[in-house]
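*Asks:* Letter by letter, the chains look like this.
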Amino acid sequence: MADALTHHPGTPLNAEQVAALVDGTLEGATELFFEHVSDLESAMANDVVFFRAGLNEMGRGPAQSELEAFAKTAAGLLLVEEGTDVDGRVCIRVANPGLAAAQLAQHWEAYIAETPMGVHATAVVEEGAEVDISASIGPHCVIAAGAVIGAHANLVSGVHIGAGSRVGDACVLNPGVVIGPRVDMGKQCVVQANTVIGSAGFGYVWSGSAHVHMPQMGGVQIGERVEIGANSCIDAGTFRPTVIGDNCLIDNHVQIGHNCKLGRFVILCGKVGISGSVEIGDGAIFAGSSGAAGHISIGAGAKIGAKAAVTSDVPPGATYAGNPAVDFGLHQRMQVMLRRMARQKN
Amino acid sequence: MADALTHHPGTPLNAEQVAALVDGTLEGATELFFEHVSDLESAMANDVVFFRAGLNEMGRGPAQSELEAFAKTAAGLLLVEEGTDVDGRVCIRVANPGLAAAQLAQHWEAYIAETPMGVHATAVVEEGAEVDISASIGPHCVIAAGAVIGAHANLVSGVHIGAGSRVGDACVLNPGVVIGPRVDMGKQCVVQANTVIGSAGFGYVWSGSAHVHMPQMGGVQIGERVEIGANSCIDAGTFRPTVIGDNCLIDNHVQIGHNCKLGRFVILCGKVGISGSVEIGDGAIFAGSSGAAGHISIGAGAKIGAKAAVTSDVPPGATYAGNPAVDFGLHQRMQVMLRRMARQKN
Amino acid sequence: MADALTHHPGTPLNAEQVAALVDGTLEGATELFFEHVSDLESAMANDVVFFRAGLNEMGRGPAQSELEAFAKTAAGLLLVEEGTDVDGRVCIRVANPGLAAAQLAQHWEAYIAETPMGVHATAVVEEGAEVDISASIGPHCVIAAGAVIGAHANLVSGVHIGAGSRVGDACVLNPGVVIGPRVDMGKQCVVQANTVIGSAGFGYVWSGSAHVHMPQMGGVQIGERVEIGANSCIDAGTFRPTVIGDNCLIDNHVQIGHNCKLGRFVILCGKVGISGSVEIGDGAIFAGSSGAAGHISIGAGAKIGAKAAVTSDVPPGATYAGNPAVDFGLHQRMQVMLRRMARQKN
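Residue numbers (our numbering), protein chains in the order written: chain A, 1341 to 1686; chain B, 1341 to 1686; chain C, 1341 to 1686.
Everything labelled a hint here was simulated from the structure, so no lab data went into it. Keep in mind that a hint or two might mislead.
It does not matter which identical chain is meant; a pair holds if it fits inside one copy or across any two.
[Stated by the list, open to error] Taking lysine-lysine pairs in the BS3-like style, the calculated list, with each CA pair at most 30 angstroms apart, reads: (1) K1643 - K1412; (2) K1527 - K1412; (3) K1601 - K1412; (4) K1643 - K1601; (5) K1643 - K1527.
Quick caveat: nothing in here was measured; it's all calculated off a predicted structure.
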């Protein structure tokens, strides 16, 4: 166990090794060894930093404060684009400095989080559960009968896996994660602490005198490389699984209702709430605290603004904002008009 | 333990047995046995499905896609209303097909979730706690001194019950649920995973130099047959308990502040936030992500729209929407007017 | 363990002892002993209550119902301001009755929650972790290698402390709290159940074919006397820690993104969502369900209204409301104008 939980420093790399790892071109020479990616302001000589001199996705260049921080950084190695003036300092030229930094940080972080093998003495593995010999089942985990845990999966501590569920190879489930019954999770997923997947959906039928719970037996089907934040909830489907496609990114405090179907590469930012039976196309993005009413369809590539409340279908590629959400252009005009009128009336 | 966590298939029933269970009338004959309720599209021959040909609560009939799915379903047994044309297929006529399906699914689901008895070897039951001999205390649960666990209660795993709290008969507390001290929960409640009940409310007094916490000693009083979703919070009252009436339905990520008083049959959908000291009358409904400011009163049967922010008392039976929430009719007129003006100005 | 989880009644105090504890002046005499603070309506003879006859922070005096409750209360001892007419009953005059009540309740509550010492037999303390001999590590806690637990800290049950993290003296971590790696928490903090601190922030770089996770290695730095509610999340910073200043109050279901910097005495009410890299000045207040977009700055003492969505910098001391949030005065005029127009058009 000790290895899994201990913070090791990463293996130091020299500048040539860093260049090879990020597939870049080294300019200049240094005898230093590096072991951390850092930011411009707090970097020390044996840190690597990244800087993007050109325009970002929003068409904006670096702020004055960033330019100054870049000029003054104490970092011993810079990850920069072709053409960026480095004032004679040692640098590595790459196509995408941010990506190179992420790859490098992952290299060191992965070393730190090296997965231990085996089942901790305090974990409870029910008869009939299958745990791969290379998986790590940490303290106080519970694996119910019929569950299957894949190779190199890492259940850190206090994780509950329900009956008949499958955790794919190399998944990381952080402390307190609860996976209900009938959940199928593909390989290389990461779930942050205290998130609940496969809880019974909110489905009731009024009998005339009380609400009768409709059992939610469909479970959840999660693709590969899905990342889910902390304290989020994905409810089990009623008859068929709630579906989360490959490569979705789901932040903290997100709620996904029963019977939803998310495509691939969908991004749900913090506190997003998706009601039941919503379909979301590939690559759609919900900004923080936005939400969708039940039984609607969000087209591929659609963008939903922060705190927006979507109440009807959204076409592919559209941008919606407001409550109730409307096309972003209309929303902007409404806001501008309203402010102008309110100011005039005073 | 194995029984509690294993997914058994339900006991197969023949068509006559299904008809008896849902109090309906069988038309036609089949030798098949059934063991699942399913939906129209994915049903197989030994599945039961339900279909509602008439108008639903919103005055709408089935969509074209539903009519087609009903025509094509491979299900071997249909639950339908009187008068629905089943094209010669085997069916059971009932007053409410959805309700019949829920009852049937509960029958099979209940079999699956059959409660085991006893206290798991890894659970910690403090001296002075009382656990009924028919209750199930799963792995890694903690029952503090003075707590009382009723007959057939099922604490699945990792559940914490605080000092002096009571869990009524046949309650189901899912993994990671935390019940603070001085919580009284009536019978047949269901709490989904990682929900927190009886945490200290957010009450402070400014001393002139710092916020001094007012201890929240009132606990929580929960009625019977209350259902609470995952990752929700109900805070303890300051001097008297926060009260949740019988048959309330509370979804995921709901927050109920200290000293609130909910009547019976109140429905709070996902992500609803109720500030402290709010009174909510019987049968009121808060749609997803709506909320109420503190110290106000929501009348019985009131309906609050999704993402609405209620800041003052709401009369019984009223429907409110918007932020700040106003009467639904006024809200609609404001929205329509605003959109019309914004479109004209371009 | 038993002491930590058992509800003891507080030590009874006589009126002179209560007066000394709250630094007030006793008027009248009683032979009763007191052991609870209560509210006006439910108090019994041996309870203490508080009442504020003057104007509160909002410039309002007590409601008629409160005046009546004060006239009729059965409490044996009243905490009141100078000049309040008590109709001959026994009272203690103090500068701030609410504060006196909180101090008194804390006295009794503290007795109740007296911290036990030692490590429960079911807790897992990794080699290389340091636990102060006066700390209490409850059932099923996990303390990773390199973690440090301070004097009189109380980890109630099922708490996970990540590698290299520090929990300061006299902190209370309630059941199911998860502290990730590289979290530094000052003394006397209180964290309610199932909250997650130091989870990986939501940071990704698009590679051209997939989102690559930027490891979040900065951890979280939490000051002293910070109180955090249940089911909340504070994400780890990317390279430098996310910072929470001394004396902040954070309610339930609050999300604080990576790289945020909160000053001292900041108040975040229930369900507030703060995106990444937001700076919040001392004493700023976010009301329930409000939020801030990433990379903006909220001035010291600013007030953000319930459900407001702040999308740009807010000056110190300003009050903002609405979605998108604007100055409160403008927001109010917009609302009033809109309602008037909507009513006229009908």
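*Asks:* Hint by hint, say whether it matches the structure.
*Replies:* Do the hints match the structure? See the list:
no.: 1; hint: K1643 - K1412; in the structure: neither (37 angstroms within a copy, 36 angstroms between copies)
no.: 2; hint: K1527 - K1412; in the structure: neither (43 angstroms within a copy, 35 angstroms between copies)
no.: 3; hint: K1601 - K1412; in the structure: between (48 angstroms within a copy, 22 angstroms between copies)
no.: 4; hint: K1643 - K1601; in the structure: both (17 angstroms within a copy, 28 angstroms between copies)
no.: 5; hint: K1643 - K1527; in the structure: within (27 angstroms within a copy, 43 angstroms between copies)
When held up to the earlier numbered hints, the structure conflicts with 1, 2 and fits the remainder.
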